[in-house]
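A.B. asks: Protein chains in written order, with this note's numbering: chain R, 244 to 507; chain A, 244 to 507; chain F, 244 to 507; chain E, 244 to 507.
Just so you know, not all the hints are guaranteed correct.
Identical copies carry no separate label here, and so any pair may be met within one copy or between two of them.
[What the hints assert, rightly or not] In silico SDA-like cross-links for lysine to any residue, where the CA-CA straight-line distance does not exceed 20 Å:
#, residue 1, residue 2
1, K295, A384
2, K313, D338
3, K288, E327
4, K295, N388
5, K288, V336
6, K501, P246
7, K295, G387
8, K295, D381
9, K313, T359
10, K288, T326
11, K501, E491
12, K313, E303
13, K295, W374
14, K295, D351
15, K288, H261
16, K295, E377
17, K295, T350
18, K313, V336
19, K295, S385
20, K295, T386
21, K288, S258
22, K288, D381
23, K295, R358
24, K295, L354
Worth flagging that the hints you see were computed from the coordinates, not collected in a lab.
Protein chains: 4
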Amino acid sequence: REPLALIAGPCQIESADHALSIAAVLAPACAAAGVQFIFKASFDKANRSSLKGRRGVGLEAGLAALAEVKAAFGCPVLTDIHTEAQAEAAAGVVDILQIPAFLCRQTDLLLAAGRTGAVVNVKKGQFLAPWDMEHVADKVASTGNDRILLTERGVSFGYNTLVADMRALPIMARTGWPVIMDATHAVQQPGGLGGASGGQREFAPVLARAAVSLGVAGVFIETHEAPDTAPSDGPNMIPLAQMPALIESLAAFDRLAKADPLHV
Amino acid sequence: REPLALIAGPCQIESADHALSIAAVLAPACAAAGVQFIFKASFDKANRSSLKGRRGVGLEAGLAALAEVKAAFGCPVLTDIHTEAQAEAAAGVVDILQIPAFLCRQTDLLLAAGRTGAVVNVKKGQFLAPWDMEHVADKVASTGNDRILLTERGVSFGYNTLVADMRALPIMARTGWPVIMDATHAVQQPGGLGGASGGQREFAPVLARAAVSLGVAGVFIETHEAPDTAPSDGPNMIPLAQMPALIESLAAFDRLAKADPLHV
Amino acid sequence: REPLALIAGPCQIESADHALSIAAVLAPACAAAGVQFIFKASFDKANRSSLKGRRGVGLEAGLAALAEVKAAFGCPVLTDIHTEAQAEAAAGVVDILQIPAFLCRQTDLLLAAGRTGAVVNVKKGQFLAPWDMEHVADKVASTGNDRILLTERGVSFGYNTLVADMRALPIMARTGWPVIMDATHAVQQPGGLGGASGGQREFAPVLARAAVSLGVAGVFIETHEAPDTAPSDGPNMIPLAQMPALIESLAAFDRLAKADPLHV
Amino acid sequence: REPLALIAGPCQIESADHALSIAAVLAPACAAAGVQFIFKASFDKANRSSLKGRRGVGLEAGLAALAEVKAAFGCPVLTDIHTEAQAEAAAGVVDILQIPAFLCRQTDLLLAAGRTGAVVNVKKGQFLAPWDMEHVADKVASTGNDRILLTERGVSFGYNTLVADMRALPIMARTGWPVIMDATHAVQQPGGLGGASGGQREFAPVLARAAVSLGVAGVFIETHEAPDTAPSDGPNMIPLAQMPALIESLAAFDRLAKADPLHV
Chain R
244 REPLALIAGP CQIESADHAL SIAAVLAPAC AAAGVQFIFK ASFDKANRSS
294 LKGRRGVGLE AGLAALAEVK AAFGCPVLTD IHTEAQAEAA AGVVDILQIP
344 AFLCRQTDLL LAAGRTGAVV NVKKGQFLAP WDMEHVADKV ASTGNDRILL
394 TERGVSFGYN TLVADMRALP IMARTGWPVI MDATHAVQQP GGLGGASGGQ
444 REFAPVLARA AVSLGVAGVF IETHEAPDTA PSDGPNMIPL AQMPALIESL
494 AAFDRLAKAD PLHV
Chain A
244 REPLALIAGP CQIESADHAL SIAAVLAPAC AAAGVQFIFK ASFDKANRSS
294 LKGRRGVGLE AGLAALAEVK AAFGCPVLTD IHTEAQAEAA AGVVDILQIP
344 AFLCRQTDLL LAAGRTGAVV NVKKGQFLAP WDMEHVADKV ASTGNDRILL
394 TERGVSFGYN TLVADMRALP IMARTGWPVI MDATHAVQQP GGLGGASGGQ
444 REFAPVLARA AVSLGVAGVF IETHEAPDTA PSDGPNMIPL AQMPALIESL
494 AAFDRLAKAD PLHV
Chain F
244 REPLALIAGP CQIESADHAL SIAAVLAPAC AAAGVQFIFK ASFDKANRSS
294 LKGRRGVGLE AGLAALAEVK AAFGCPVLTD IHTEAQAEAA AGVVDILQIP
344 AFLCRQTDLL LAAGRTGAVV NVKKGQFLAP WDMEHVADKV ASTGNDRILL
394 TERGVSFGYN TLVADMRALP IMARTGWPVI MDATHAVQQP GGLGGASGGQ
444 REFAPVLARA AVSLGVAGVF IETHEAPDTA PSDGPNMIPL AQMPALIESL
494 AAFDRLAKAD PLHV
Chain E
244 REPLALIAGP CQIESADHAL SIAAVLAPAC AAAGVQFIFK ASFDKANRSS
294 LKGRRGVGLE AGLAALAEVK AAFGCPVLTD IHTEAQAEAA AGVVDILQIP
344 AFLCRQTDLL LAAGRTGAVV NVKKGQFLAP WDMEHVADKV ASTGNDRILL
394 TERGVSFGYN TLVADMRALP IMARTGWPVI MDATHAVQQP GGLGGASGGQ
444 REFAPVLARA AVSLGVAGVF IETHEAPDTA PSDGPNMIPL AQMPALIESL
494 AAFDRLAKAD PLHV
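Isolated chain R, as found in the complex:
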């Protein structure tokens, strides 16, 4: 069993310098804790709650920034794509293509991502049961791609609320693909602020720790030096200054969990 991976970064690529400044905190903290670091950031927020939300720097500038992070820190980088056309271009730079939760059933997007040969991380839709993800992964695998990650990010629970069902983690692990817990999106309150999503960032470390204790392959956490002024997902991102201690704490639970695996 591999030690914990951390997929982390700001929600949006704001600039290359901004991305580098975040990675500069996360990379050494992960190294110190024995955690594998994967940098994550989005070039386009294609499904904002309302038109007023900022979308991002776009594909070209975003990939350039991600390439800089990769070169500077030697870490894998991840970004999410929204159309088939973006798959090939993004895979030229990033190590992991991520399929957003709302798009996790779009067959052509899954196939396009799979065909690039990049690792494909599929977020489970808020409308799916964990056992439904087997068929989603099969779509990617049908392209011959066998580097697939499945990510839990909460399931719809009434209106404007998600709940993270811990059973989903071992259930998805039965597919054989590594399972990631997205701790910051699972505490979103979709649409909870009217024209924008709210969030409960105080619970992200709660969900991260619970998942790590169950032996997940990785944790996904969005972070920002000043979440309250971030262009998106501020209410659920964890302040960057808190990340080193959180990473160290999660690493300790990971070691215990990996030494004492659950058999479900």
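Dock chains A, F and E against the given chain R, drawing on the hints supplied.
C.D. replies: Relative to chain R, chains A, F and E alone:
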């Protein structure tokens, strides 16, 4: 207040002849009942539960079949699109472009649909609250398009189950856009058959009648002459032979509802 | 098929005079509309959200008030009980014993109610599926009592929210027992005001009409001349002044529904 | 911060000998792991899904058996009560009175339990939000009793399913009362077997470990030497033979969690 509209047809366009044979039952039944008939069918099922599900005849053959139905019966036709590129082509034939529920937050798709000038029917995501749809409609309206329909098709309720919240209908109506009840998708059991969705077609007339009694602008019902052998959505489609009586019944509730509007 | 029954009254018995003044509005409105009137009020609110909520006048004073209403208007009366000991006493006065939703699985209470020979109306727990109520009704029926009513009052949907699943009405009707829609409790927001429950009274007529259109045996509605100052359930009660028009409207939908029964 | 407490035992008291045989496994396993052991068993299952379910040995025999366990092992014992009348009698023997989830809002029962001076463990209703439990605890505390425990046992999530929201644990802990995770009831599938509840016992250790990692005061687990033939709750009880290893594992996560407390 306009009389009830019925958006109905088979889940998939199987062939032009098949589409025509279904419209040939629905059109006269609607005319007899004083219901406006809109023919609906999909040229591509882009988000099947698994790769094994049949996708459809494709854009070109699909639009040709819809054009035949429109010419033969003089009724408006509706189809759903999945990419921006499909918007313009589809709007060359159909009167109403439909945005699938999973895609209802994809900004670029909503804008592309809006820009065509066609009527845009947006299905509410299974992960959205009814009040969230105001911001979705605003994306379409930002293009200058003021012919928007909002459709309820159920909201996630635990795993593999949807529930149709009747409050959603008057809440969405507060936006001022006409509201449609999708009675057959709201009784889907997503992923309920493992690699395919199940359904409870016996409850579709229940939800249709309840919604019509509340004064909705229209009802959306998928139907097939032999649902159990249909290539998709069989478990929730209503047998075509039952449609004329159902249309007549709904029209009677519609007349009573429109004469006695609820003030919510 | 019998015409619609209306179970209505204030949440609490505040005094005999208060109860009489409410019945004095409801009874003639029901008579005018051809609706059977059953007066409902509680002598004890045994499960308030917090200790600060007013409990009620108690068993003795409550039953005396109900007896006055029954004598004055000749209508059946209903009250809810919370302990086995209350069953016999209450059944000496009221026609219908009601089992509260939270207590709908308490075997001894169901048996005690059944043994009185009174009609027993069991509210479906917010935590139960509609098909679970068959076993609940069987407990009452095991006493030889075959006068059972089953009432839908919403099911838990995330936190502090209920949803009324219209499918529940025909599903419970398959038991053969008459089904009632509790339109005012189904719009409660349990605990939604912190130490008290909130509510959305504007949606109670929505749910009542939808249910009546489906052919339910009866509708349950709490009402008060000044809901905002009522000692309990104010946010979800319908103002008394609106009841005559609502009753007349529901009666029209009931006649149409009973003439055109759904076969589910 | 106290080390972990384990509340464990069979769902029902089947006989004094049976109770003793279970405690004889659990007590030494807890002692070896540094976990405080509290024996739990019920004398009456008062809210079975159907009349066919076995109810139990009754108050008198049950209390006698619990007294034997207490004498033999020197451990605190817990049982659940269903009526006010049972509070005083049970408190003569047991250390902890438990209020069942369905009854957690019944004011008189909470007050009767509080007045005995025994520790009162209130299970959160499947229909309540975690923040609603503050008002429930206040009812008990109003009696002057300041020994209160709050237990999470899952919340309704669609039909016949519960979900354990890990956020509920720190939210309830804000009240200042110790929080317990009931890992075996949270994996129940209420009514999932038709006339009985199903369960997913394989996930009980998952939920127990996740909760312990978050630093809960205790874990509640039902266990039986042969769950599949137990008179109640078999599908969700953990086989007794697996308990010693589970206890040891949970103790290791508890030590790590208590040394690194989350600040929520």
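A.B. asks: Taking the hints in turn, state whether each one holds.
C.D. replies: Do the hints match the structure? See the list:
1. K295 <-> A384: between (37 Å within a copy, 13 Å between copies)
2. K313 <-> D338: within (10 Å within a copy, 48 Å between copies)
3. K288 <-> E327: both (16 Å within a copy, 16 Å between copies)
4. K295 <-> N388: So K295 and N388 pass the 20 Å test across copies only (18 Å; inside, 37 Å).
5. K288 <-> V336: Within one copy only: 19 Å inside, 31 Å across.
6. K501 <-> P246: within (8 Å within a copy, 23 Å between copies)
7. K295 <-> G387: Between copies only: 16 Å across, 40 Å inside.
8. K295 <-> D381: between (36 Å within a copy, 10 Å between copies)
9. K313 <-> T359: within (19 Å within a copy, 41 Å between copies)
10. K288 <-> T326: Close inside one copy (12 Å) and across copies (16 Å); limit 20 Å.
11. K501 <-> E491: Both: 15 Å inside a copy, 15 Å across copies.
12. K313 <-> E303: The answer is within: 15 Å in one copy meets 20 Å, while 43 Å across copies does not.
13. K295 <-> W374: between (36 Å within a copy, 17 Å between copies)
14. K295 <-> D351: between (29 Å within a copy, 14 Å between copies)
15. K288 <-> H261: within (17 Å within a copy, 41 Å between copies)
16. K295 <-> E377: Classified as between: cross-chain Cα gap 13 Å, same-chain 36 Å, threshold 20 Å.
17. K295 <-> T350: Answer is between: at 11 Å across copies they meet the 20 Å cutoff, but 29 Å inside does not.
18. K313 <-> V336: So K313 and V336 pass the 20 Å test inside one copy only (9 Å; across, 47 Å).
19. K295 <-> S385: The answer is between: 11 Å across copies meets 20 Å, while 38 Å in one copy does not.
20. K295 <-> T386: Between. Shortest inter-copy distance 14 Å satisfies the 20 Å Cα cut-off; intra-copy 37 Å does not.
21. K288 <-> S258: Answer is within; shortest intra-copy Cα gap is 15 Å, inter-copy 38 Å.
22. K288 <-> D381: between (26 Å within a copy, 17 Å between copies)
23. K295 <-> R358: between (34 Å within a copy, 18 Å between copies)
24. K295 <-> L354: Between copies only: 14 Å across chains, 32 Å inside a chain, cut-off 20 Å.
Checked against the numbered hints above, the structure breaks none of them.
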